[in-house]
Structure formats: C-alpha cells, structure tokens
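Work out the full structure, taking the sequences as your base and the hints as a guide.
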Amino acid sequence: DAGITQSPRHKVTETGTPVTLRCHQTENHRYMYWYRQDPGHGLRLIHYSYGVKDTDKGEVSDGYSVSRSKTEDFLLTLESATSSQTSVYFCAISESAGGGTGELFFGEGSRLTVL
Amino acid sequence: AQSVTQPDIHITVSEGASLELRCNYSYGATPYLFWYVQSPGQGLQLLLKYFSGDTLVQGIKGFEAEFKRSQSSFNLRKPSVHWSDAAEYFCALGSARQLTFGSGTQLTVLP
Numbered sequence: 001d002a003g004i005t006q007s008p009r010h011k012v013t014e015t016g017t018p019v020t021l022r023c024h025q026t027e028n029h030r031y032m033y034w035y036r037q038d039p040g041h042g043l044r045l046i047h048y049s050y051g052v053k054d055t056d057k058g059e060v061s062d063g064y065s066v067s068r069s070k071t072e073d074f075l076l077t078l079e080s081a082t083s084s085q086t087s088v089y090f091c092a093i094s095e096s097a098g099g100g101t102g103e104l105f106f107g108e109g110s111r112l113t114v115l
Numbered sequence: 116a117q118s119v120t121q122p123d124i125h126i127t128v129s130e131g132a133s134l135e136l137r138c139n140y141s142y143g144a145t146p147y148l149f150w151y152v153q154s155p156g157q158g159l160q161l162l163l164k165y166f167s168g169d170t171l172v173q174g175i176k177g178f179e180a181e182f183k184r185s186q187s188s189f190n191l192r193k194p195s196v197h198w199s200d201a202a203e204y205f206c207a208l209g210s211a212r213q214l215t216f217g218s219g220t221q222l223t224v225l226p
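Those protein sequence lines, which keep their order, are chains X and G. Here this note's numbering is used: the first residue of the first sequence is 1, the next is one more, and so on. Here this note's numbering is used: the first residue of the second sequence is 116, the next is one more, and so on.
Certain hints may be false.
20 Å max Cα-Cα, derived SDA-like pairs, lysine to any residue [to be verified]:
{"no.": "1", "chain 1": "G", "residue 1": "Lys164", "chain 2": "X", "residue 2": "Ser96"}
{"no.": "2", "chain 1": "X", "residue 1": "Lys57", "chain 2": "G", "residue 2": "Glu130"}
{"no.": "3", "chain 1": "G", "residue 1": "Lys176", "chain 2": "X", "residue 2": "Phe105"}
{"no.": "4", "chain 1": "G", "residue 1": "Lys183", "chain 2": "G", "residue 2": "Asp169"}
{"no.": "5", "chain 1": "X", "residue 1": "Lys11", "chain 2": "G", "residue 2": "Lys176"}
{"no.": "6", "chain 1": "X", "residue 1": "Lys11", "chain 2": "X", "residue 2": "Arg111"}
{"no.": "7", "chain 1": "X", "residue 1": "Lys53", "chain 2": "G", "residue 2": "Gln157"}
{"no.": "8", "chain 1": "X", "residue 1": "Lys11", "chain 2": "G", "residue 2": "Gly156"}
{"no.": "9", "chain 1": "X", "residue 1": "Lys11", "chain 2": "G", "residue 2": "Gln157"}
{"no.": "10", "chain 1": "G", "residue 1": "Lys164", "chain 2": "G", "residue 2": "Thr145"}
{"no.": "11", "chain 1": "G", "residue 1": "Lys176", "chain 2": "G", "residue 2": "Ser154"}
{"no.": "12", "chain 1": "X", "residue 1": "Lys57", "chain 2": "G", "residue 2": "Ser118"}
Across the chosen pairs, the derived CB separations fall in these ranges [unchecked claim]:
{"no.": "13", "chain 1": "X", "residue 1": "Tyr50", "chain 2": "G", "residue 2": "Gln117", "range": "16 to 26 Å"}
{"no.": "14", "chain 1": "X", "residue 1": "Pro18", "chain 2": "G", "residue 2": "Ser118", "range": "28 to 38 Å"}
{"no.": "15", "chain 1": "X", "residue 1": "Ser84", "chain 2": "G", "residue 2": "Glu179", "range": "14 to 24 Å"}
Derived from the structure by calculation, the hints contain no laboratory data. Backbone N, C-alpha and C define an ideal beta-carbon position, used for all residues, glycine too.
See below:
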C-alpha cells in the first residue's frame, strides 16, 4: 500500500471555527490532491498540487485553501467551517498528472462534521 | 468541459451472476478512462485503465471494461460476481492534471 497518512481521521467542529486536515506521504510523489466525497456526487476535486508551493484550484475550491511547503505534506484548511463542508475528505497522490498514468493512490479519508 | 455520468446509482445482483456497470463520458479529445472501486470505510483502488489501443482492457479481480468511442462509453463487466465485489464503483476521466469522477454505482451482491 502507498504510504499516505491523513490526520485527523475524524473531527467534529463548530460552525465558524478553522480546521486543518493534513496529508502526509512517504512515496515522494509529485502530485497531491484533496477530494471531498458526498452521497450522490462521487468525488469532487477541491485543490491539487503539482509540486512544492505549486497548487491550483479544483471544481469545489470555494471556502478552502491549501499549502504545500514540502513534498511530503499537503494541508487543506477551512478558514471558517460551515455545515456544507461536512463531508469525507480524501487525499490522493500520483507520480504523474491525472491524465498520465492516472493511478491515484488514496488515503483512508478524514470524516469532518461541522455542527 | 469534461464530465462523467454513471446512470445507475445502485445495482443488485446475485452471486455468480454477470455484471455490467455503465459509464458515459463527455470530452473533446481522446479520453483517458479509469474504473476505481471503494470498499466501505476505505479509499479508492484502481481496477483498470484505458489510454489507447485495444478497446477491451483487463483489470484486477477479474474485471474488464470496453471503450466504445461511438457511444462515449466505458462500461465495466465481470462474468461472475463474488460476494466480495460488493462495493461502490467509480468511473473517472483523466485530463491534463486531474481526474473527474462519476457519482458512483453502489453494488450489492445477494447470496
């Protein structure tokens, strides 16, 4: 299994509080992704990174920011959490871009509940 | 814009029966297509992928998929389903830097 660790795995927070989810990889892969998974929507891309300090927005980036200061870590931050951000968040990594080999390796997910 | 449609939200089959999960895509160029599987409480795992060449691709766990450009489809098949195949299945379309996923098909396998 690919070495991907997400933390925390479960979190309950209140509306308006900041939240940071961490993705740590030991594979030295260049590309890292944050997805959210919601019933009926599959996985939707929030942000992705194609290198250290290189990030771009996905289709549902509003309300989220990311940072990647080193290859192994990709942080997802909700500056002020809202109930609509209750979801399961998945980090993924790949050696090449999504349209390349296309094989993403996924973490086990972080379940976030915003009350 | 690219998109992926999985028209079946939920499919139920009996163990040993054949399976076909549908996937349609919209994309202006030659697509890179994938099928992923998600077991409960887990992340996604790649089953198979299509880039070019033979339109029938083989994957892990006995799955195969056929690319049909004329129908913009990439359907997943298995000739005989096992109880352990119960999971959610996602079709995905690859572009320059990202994958776009369909909304998924939940597979239930009856004994």
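Tested hints:
Using a Cα cut-off of 20 Å, the hinted pair Lys164/G and Ser96/X holds, with the two alpha carbons roughly 14 Å apart. Simply put, Lys57/X and Glu130/G have alpha-carbon atoms about 42 Å apart, too far for the 20 Å limit, and the pair is violated. Taking the CA atoms of Lys176/G and Phe105/X, the gap is about 18 Å. The hint holds against a cut of 20 Å. About 11 Å separates the Cα atoms of Lys183/G and Asp169/G, which keeps this hinted pair within 20 Å; it holds.
Taken as a hint, the Lys11/X and Lys176/G pair is broken in the structure, with Cα atoms around 34 Å apart against an allowance of 20 Å. For a cut-off of 20 Å, the pair hint linking Lys11/X to Arg111/X stands: about 6 Å separates their Cα positions. At most 20 Å may separate the alpha-carbon atoms for a hinted pair to count; Lys53/X and Gln157/G exceed this at roughly 29 Å. About 15 Å separates the Cα atoms of Lys11/X and Gly156/G, which keeps this hinted pair within 20 Å; it holds.
Between Lys11/X and Gln157/G the CA atoms are separated by roughly 17 Å; this keeps the pair inside 20 Å, and the hint holds. A hinted pair counts as satisfied when its Cα atoms are at most 20 Å apart, and Lys164/G with Thr145/G qualifies at roughly 13 Å. Restraint check: the Cα-Cα separation between Lys176/G and Ser154/G comes to about 13 Å, which is no more than 20 Å; the hinted pair holds. For the proposed pair Lys57/X and Ser118/G, the alpha carbon gap of about 17 Å is at most 20 Å, so the pair holds.
Against the hinted window of 16 to 26 Å, the Cβ-Cβ separation of Tyr50/X and Gln117/G comes to about 18 Å, which satisfies the hint. The hint said 28 to 38 Å for the Cβ distance between Pro18/X and Ser118/G, and at roughly 33 Å that hint holds. Here the CB-CB span from Ser84/X to Glu179/G is close to 39 Å, at odds with the stated 14 to 24 Å.
Violated hints, in rising order: 2, 5, 7 and 15; the structure is consistent with all others.
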